[in-house]
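Line by line, the protein sequences are chains A and B. Note that the UniProt record's numbering numbers the first sequence so that position 227 is 227, with each residue one more than the last. Note that the UniProt record's numbering numbers the second sequence so that position 265 is 265, with each residue one more than the last.
Just so you know, the hints here were simulated from the structure itself, not pulled from any lab data. For clarity, every value in this text was computed on a predicted model and none was experimentally measured. Built from N, CA and C at the ideal position, the CB exists for glycine as well. Misleading hints may appear alongside valid ones.
What the hints assert, rightly or not - Okay, derived cross-link-like pairs now, DMTMM-like style, lysine to aspartate or glutamate, Cα gap no bigger than 20 Å in a straight line:
#1 Lys71(A) <-> Glu186(B)
#2 Lys285(B) <-> Glu133(A)
#3 Lys285(B) <-> Asp84(A)
#4 Lys239(A) <-> Asp219(A)
#5 Lys132(A) <-> Glu210(B)
#6 Lys285(B) <-> Glu235(B)
#7 Lys132(A) <-> Glu277(B)
#8 Lys285(B) <-> Asp128(A)
Unchecked claim - Coverage of chain B stretches by chain A, computed from C-beta distances (three or more under 8 Å per stretch; other residues unrestricted):
#9 186-194
#10 205-218
Spelled out, the chains give:
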Amino acid sequence: MISITNASCVFRHASGREVRALDRISSTIGDGEFVCLLGRSGHGKSTLLRSLAGLNTLTAGEIAVDGRPVKGPGIDRGMVFQEDTVFPWMTVQANVEFGLLAQGIPAAERQGVAREWLDKVGLGRFGDSWPKELSGGMRKRVAIATAFAGGAPILLMDEPFGPLDYVTRRDLQNLLIDLWRSTGRTIIFVTHDIEEALVLAERALVLRAGRIVDDIRVDLTRPRDEEERASPRGIAISKTILGHLELEQHTPGAA
Amino acid sequence: MGAIRRLGAGLRRDWISAMVVIALIVGWEIAGHMAPRSPLRESPIVPPWEFIFGRALTGLSDYWKIEMWAPVPQLGGAQTLLGAVLALVFHSALTLFRLTVGLVLGGLAGVLLGLALSWSSRVRKLVAPSLHLARMCPLLAMIPLFQFWFGATNWAAIVFVAYGVGVIYLIGTVNAVANVPARYIENARVLGASRLRIHRSIILPAILPELFSSVFLTLGLAWSAVIGAEYIGVESGIGRMVIWSEYFSNTGRMALITLVILAYAMASFALCRKLQERVLAWTPKRPGA
Ligand SMILES: Nc1ncnc2c1ncn2[C@@H]1O[C@H](COP(=O)(O)OP(=O)(O)OP(=O)(O)O)[C@@H](O)[C@H]1O
Ligand SMILES: [Mg+2]
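So that you can see chain B by itself, here it is in the shape it has in the complex (with noise of 0.2 Å):
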């Protein structure tokens, strides 16, 4: 009951936004058919909505390459719903499973170097002019190099967004500990904590909120490099379907994989966000969160 009231109350506060969503369905609809005819019956220049959910989904099935469940369409196979689903499942799967463990393994080491690093303050002062180098290093032209180096594998693109998210949550991480109320320290001091106590117990958990936001930073640039990895080199997952529509400017296919990619971006936030009332807990609300 509760629950629903409040999803009113939210419908109410969001509608404007729900309105402006429902304007760009139109206006892309209307586009679709007021924009020139493509001489390729596969390419309209602004597919419809018709378009993408019919010809364009039914088309994913061509990424099916596996002689099993449903016919292959490379092997002379019809072009089938159920391949379609399963070309979708198959290579989400692996992006999702790159950008997991790159974003856990990045995050991990990122979040432990930090603290390292905080441990002492001459170490640091000696490392931070080289961390803001890294930071600065465009991250999408060090594709190729990553792929020089572990190939276009799926450690390549891991080790690619783990690399990605780690910088990030290194400089989150040094900031962060600076930002520990020196009470807090103290207190735990006279207390008898040890220096690792200290740091597993009072710094660790102190700097969670202000990570928070490098959780949320990092999580859109976890998908731009991943979906960049494929997209340049490894040659499966979503980003890589993107190119193979290319291939044949199969424009639907495009703005339907786009369109997947939009609704795990925003699950994935969803995701992170009810992580961070569980693990936050004990926060202070902020007016207005």
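Extracted from the complex, chain A is given alone in its bound form (with noise of 0.2 Å):
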């Protein structure tokens, strides 16, 4: 379980204005849930994430997993980002196995897990390709199957599927929401867009000026297609994320 205490995070500027990405967050996340972070450009999302990921240092409050405060990265917690990470020094076999190898496991067993990922995300032909030969979708499952074949059981996805074009975006979706069945991990993830929240979440965290304004549970039956989500439970809790992200009266320090 993820517990936020008063997790706040100020950025003091080049310009030496402060910014205050997170103002007093507290929430908590139990495991095995599927959380979608919302909220306009700017205001926190990214943060929130990065200091769960203990990639960024809060200046006050707290996060804690499994009762233990987050001082930094740790195996208990996998990233998937929304630029390519994917190493390109590494066959794609060599990128999903390098979790495992920083953990210290044998070459044997690491070959056989990030294989086995690979079957998963569908791309257990291309081991030892390049990643410069692959497309852009190809190398996010790439980024995604080394996230889960680094074990985690909290996985943290900030807008990883931004880029790509709405059919891939789609097919993706579908991988991830399969994964997630199939493995009951914990999955928060980021995006600003309102229908891929509602294709993948089981509750809505919306973010506005650093603070969470609303905690929605998107209980809608899966699969969530173009019907469920028109559906007056749908059609409600898009107006409510909606009502949050447009009617914008505060704006933060920086956005």
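Fit chain to chain and form the complex, with the hints in mind.
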């Protein structure tokens, strides 16, 4: 379980101005949940996610995983970034193995696990390819396989499908849902796309100016196809989120 | 078949440069015959090609000093083609040895030191100014100092080459490390990689493409350095052959040795380009590359 208590993060820009990216956020996220973090650009989504990953230090408050405070990155938390982070100098197989290598797992076991995850993301035949030989969508699959193969029970994803075209994004969303359901991992997924949140999330946290302004249960039945999203409950959720995103009165320090 | 076609295409693309080379060769020959006659038979002002590959080539046997396989002209033996070839091979081997060992040692030391410096940004900031000072030091002016320290030996030449290229690699490495995209390092950290692992598996391969520009830069520099070291002090090697030729103004021999060095330099560049292709197979093709 992840517990966030009064988490605040203040950035001091070179201009001397202070930006309160996170403002006393508190929440808990249970094991196996699929949570979407929604919010407008510059309202603290990435900052919260990076703090969860241990890549960003809070200026106040605390984040704890299973009671242990987060002090830095750890193998209990994996991450899929928005940018292309697949290492271009390693083959696809070596990329997926990297987390296991870093954990000191023996070669034979590493290879087996990596191959298994490459199969699961549909890249079973591309293990020996260089990343440059794959499409952007395929490289995203490699990143997903790498994150899952590392074995972390918590996976953090920062707009991972942002730069992809609509169809590829839908494919990857379905893949992610399948992987989530078959593994039971906790997924925290940043997006600014309401439709994506409706397809994926069990729960939507809406951030505004560094605060959690709403915590919505997305209790739609799966699969979350067009019809399901257009159901009265689906439309109600969309409207609520849209209301938080659109009717913007206050802008935070930077946005 | 494909290779031949590619060669043909290459030739057509390069025909202008081929013409330039041919024009240079022909122009040299004409100049050789038009230049005023030198009073010394062994020192034509512009040695024509038949002189370079005739008398001058055979004359190189003067520099064969081991009483084996071919007569030693210094001891009254005859000048022979075999002696010339032996002399060339012997001194070339020495020079190539110094060059290669110096390059490898300097490269390794420079890159490792650069990585070590990049370990801590505080150390880097501390050392950066002196690094730039080291780079500005005129290399050839330091040869006598190196020979004072190490004597006129193989080691002097090797250490000198290693120093010259090492400084370039050190600076190249520090700069390249600073340019590694943060996202790769963050991804590796999240995957649980230790600092050592990040340096070995992420930073080192990530800086390779940039390091290869240092490779080509240092290759030219290493050739100048090793020839310079032999020219000024070390008593053997192909650079020293130039000096010996100069004693008696053997212009043909000087030209011939310069050509040989040119050939080696071009071969070493080609070799490094092959190495680059092999090592950087993973990099996306750059347009025009
Ligand atoms: N490293 C940093 N240094 C200074 N300020 C930062 C830094 N990272 C984020 N900020 C500031 O924190 C605020 C929140 O940024 P954050 O990246 O979390 O937004 P976001 O919700 O992820 O936006 P987007 O949807 O555009 O990715 C912004 O005002 C930004 O200027
Ligand atoms: Mg963001």
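Hints, one by one, checked against the model:
1. Lys71(A) <-> Glu186(B): Holds, at roughly 15 Å.
2. Lys285(B) <-> Glu133(A): holds, 11 Å
3. Lys285(B) <-> Asp84(A): Holds, at roughly 17 Å.
4. Lys239(A) <-> Asp219(A): holds, 15 Å
5. Lys132(A) <-> Glu210(B): holds, 18 Å
6. Lys285(B) <-> Glu235(B): Roughly 46 Å separates the two Cα atoms, so the pair is violated.
7. Lys132(A) <-> Glu277(B): With a Cα-Cα distance of about 15 Å, the restraint between Lys132(A) and Glu277(B) holds, given a limit of 20 Å.
8. Lys285(B) <-> Asp128(A): holds, 18 Å
9. 186-194: As far as the stretch 186-194 of chain B goes, the hint holds, because 9 residues have Cβ atoms under 8 Å from chain A.
10. 205-218: Answer holds; 3 residues pass the 8 Å Cβ test.
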